[in-house]
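Going line by line, the protein sequences match chains B and E. According to this note's numbering, the first sequence is numbered sequentially starting from 6. According to this note's numbering, the second sequence is numbered sequentially starting from 773.
Hints are computed from structural coordinates only; laboratory data are not their basis. Note that the Cβ used here is the ideal one computed from N, Cα and C, for glycine as well. There may be inaccurate statements among the hints.
[As the list claims (entries may be wrong)] Short derived list, chain E residues pointing at chain B, Cβ under 8 Å:
| hint | residue |
| --- | --- |
| 1 | ALA814 |
| 2 | PHE834 |
| 3 | LYS836 |
| 4 | TRP865 |
| 5 | ARG869 |
| 6 | LEU904 |
| 7 | LEU909 |
| 8 | ILE913 |
| 9 | GLU934 |
| 10 | MET953 |
| 11 | SER954 |
| 12 | GLN966 |
[What the hints assert, rightly or not] Using C-beta positions, here's what the derived DEER-type ranges look like:
| hint | chain 1 | residue 1 | chain 2 | residue 2 | range |
| --- | --- | --- | --- | --- | --- |
| 13 | E | ARG867 | B | ARG56 | 51 to 61 Å |
| 14 | B | ARG90 | E | ARG856 | 26 to 36 Å |
| 15 | E | THR798 | B | VAL160 | 25 to 35 Å |
| 16 | B | ASN155 | E | ARG867 | 45 to 55 Å |
| 17 | E | ARG905 | B | GLN76 | 36 to 46 Å |
| 18 | B | ASP69 | E | ASP788 | 17 to 27 Å |
| 19 | E | PRO946 | B | GLN147 | 49 to 59 Å |
| 20 | B | VAL160 | E | ASN843 | 21 to 31 Å |
| 21 | B | ASP164 | E | ARG867 | 47 to 57 Å |
[Unchecked claim] One side of the interface only, derived from the structure: several residues of chain E facing chain B at Cβ under 10 Å:
| hint | residue |
| --- | --- |
| 22 | GLY796 |
| 23 | ARG799 |
| 24 | GLU823 |
| 25 | LEU846 |
| 26 | PHE850 |
| 27 | ARG912 |
| 28 | ALA937 |
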Amino acid sequence: MKPPSEEHDLIRWLDGEMDETERAAFEARIKANPALAQEAEEMRALSAGIRAHLPAEMAVPHADFFNSQIQVRIGQMEIDEARRREAVAPVLGSLLSWLRQSWLTAAGAVAVAVVAFLSLRPSSEDAHSLILSSYTPSAGVQTVTFHDDNADATVLMLDGLEEVPADRKISGISISRSETEPEMASTTLFDAAGSPQLVIFRDAAGNPQFWASKPRG
Amino acid sequence: MPASAATDLGEVSDIDLVKRSQAGDTRAFDMLVTKYRGRIYAMTYHLIQNETEAWDLAQEAFIKAWRALPNFKLDAGFYTWLYRIAHNVTYDWLRKRKIQGDGEFDDERTEHRVAAGAEATPKGDPAPDMALRNAELGHRIQAAIAKLSPEHRQVIVLREVEGLAYEEIAALVPCSLGTVMSRLFYARKKLQEQLKDVYETTL
Numbered sequence: 006m007k008p009p010s011e012e013h014d015l016i017r018w019l020d021g022e023m024d025e026t027e028r029a030a031f032e033a034r035i036k037a038n039p040a041l042a043q044e045a046e047e048m049r050a051l052s053a054g055i056r057a058h059l060p061a062e063m064a065v066p067h068a069d070f071f072n073s074q075i076q077v078r079i080g081q082m083e084i085d086e087a088r089r090r091e092a093v094a095p096v097l098g099s100l101l102s103w104l105r106q107s108w109l110t111a112a113g114a115v116a117v118a119v120v121a122f123l124s125l126r127p128s129s130e131d132a133h134s135l136i137l138s139s140y141t142p143s144a145g146v147q148t149v150t151f152h153d154d155n156a157d158a159t160v161l162m163l164d165g166l167e168e169v170p171a172d173r174k175i176s177g178i179s180i181s182r183s184e185t186e187p188e189m190a191s192t193t194l195f196d197a198a199g200s201p202q203l204v205i206f207r208d209a210a211g212n213p214q215f216w217a218s219k220p221r222g
Numbered sequence: 773m774p775a776s777a778a779t780d781l782g783e784v785s786d787i788d789l790v791k792r793s794q795a796g797d798t799r800a801f802d803m804l805v806t807k808y809r810g811r812i813y814a815m816t817y818h819l820i821q822n823e824t825e826a827w828d829l830a831q832e833a834f835i836k837a838w839r840a841l842p843n844f845k846l847d848a849g850f851y852t853w854l855y856r857i858a859h860n861v862t863y864d865w866l867r868k869r870k871i872q873g874d875g876e877f878d879d880e881r882t883e884h885r886v887a888a889g890a891e892a893t894p895k896g897d898p899a900p901d902m903a904l905r906n907a908e909l910g911h912r913i914q915a916a917i918a919k920l921s922p923e924h925r926q927v928i929v930l931r932e933v934e935g936l937a938y939e940e941i942a943a944l945v946p947c948s949l950g951t952v953m954s955r956l957f958y959a960r961k962k963l964q965e966q967l968k969d970v971y972e973t974t975l
């Protein structure tokens with residue numbers, strides 16, 4: 006095996022990456038070394054063959070279809086984006102206004118409890134979730150969790166919040182985790198009638214996504 | 773593509789087409805696609821050696837370019853920018869294939885593969901049909917390139933087909949200049965080994 010510098014010199018000469026001085030010196034070496042001369046000539050022939058048989062431009066099969074498919078996909082992307090903006094804007098607006106209510110600020114932003122799900126372990130005996138710890142930003146708010154056998158659900162109670170007005174469009178929050186994909190969690194906000202208004206979740210690639218219901222006319 | 777639009781391609785500059793595309797003009801972008809699809813497809817095809825997947829990857833490159841157009845600065849060449857996107861799309865595909873254990877290519881994956889038993893023209897036997905012999909040589913070269921590792925195939929295509937300088941290849945891959953030179957050297961040595969019989973008759 007040749008030392009790297011010799012290999013590099015050969016291909017730099019072949020590819021025209023040498024300056025005049027280097028090139029003259031290397032060509033003098035080629036003249037004095039028949040084996041190097043043969044290798045250089047073989048590589049040059051190979052390089053010429055590759056260039057001759059690998060075109061830089063090729064006819065695209067079904068070229069019109071190629072273009073039209075791109076246009077279709079661009080059109081679909083734009084429709085999806087418009088729908089997303091249309092669906093999200095009103096609900097997010099109402100959610101933000103809900104979060105800006107005076108009762109909320111007066112309570113020192115304790116209305117939202119952050120619950121850390123350190124572990125949700127389905128038991129073989131009873132399949133309810135086990136919440137190991139929880140956290141609320143205000144000491145005045147306490148969280149209590151328990152499993153309701155009748156509802157077959159884990160209940161999270163926030164004690165100490167000011168009363169949320171009953172006419173708020175969004176009146177409930179639930180957090181769920183997929184049983185088949187443990188890393189897949191979602192948060193759902195419900196209106197007073199129990200209909201989901203906003204769902205926040207991660208897609209299969211782990212990117213945050215949200216789904217919002219269409220605003221009621 | 774209507775004939776009139778094709779005629780427009782040579783008359784409208786990339787900058788104009790890019791500006792119109794950035795403003796949401798999909799017809800202008802369609803003209804850019806028509807102008808560069810052959811070069812982008814050739815690059816993806818040479819790297820992938822599979823017509824269908826190269827077609828899909830070339831299309832994906834244009835879709836990504838459309839999405840990224842708002843961030844494209846007009847002071848750079850559009851084709852250079854597009855080429856980088858297409859290269860990244862293709863090389864990501866190659867990397868995923870490698871991770872999944874399909875990294876090395878074989879003759880079965882080469883659509884323009886050489887017919888079974890096809891060898892170079894025997895020594896001293898004058899080729900009766902130069903065009904046929906030339907086509908056969910082209911197939912041999914493509915098959916040999918298909919057998920290279922993705923890293924070696926990448927530098928060969930960038931250098932021999934696209935004519936990029938070492939520094940441009942190093943920036944695109946990305947890797948050091950020394951790595952570019954080493955990969956080029958060993959890629960050519962492997963091609964030489966595979967095509968030895970061809971070049972014994974050619975030289």
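Exercise. Sort out which numbered hints this structure fails and list those numbers smallest first.
Key: Of the numbered hints given earlier, those the structure breaks are 3, 4, 5, 6, 12, 13, 15, 20, 25, 26, listed in rising order.
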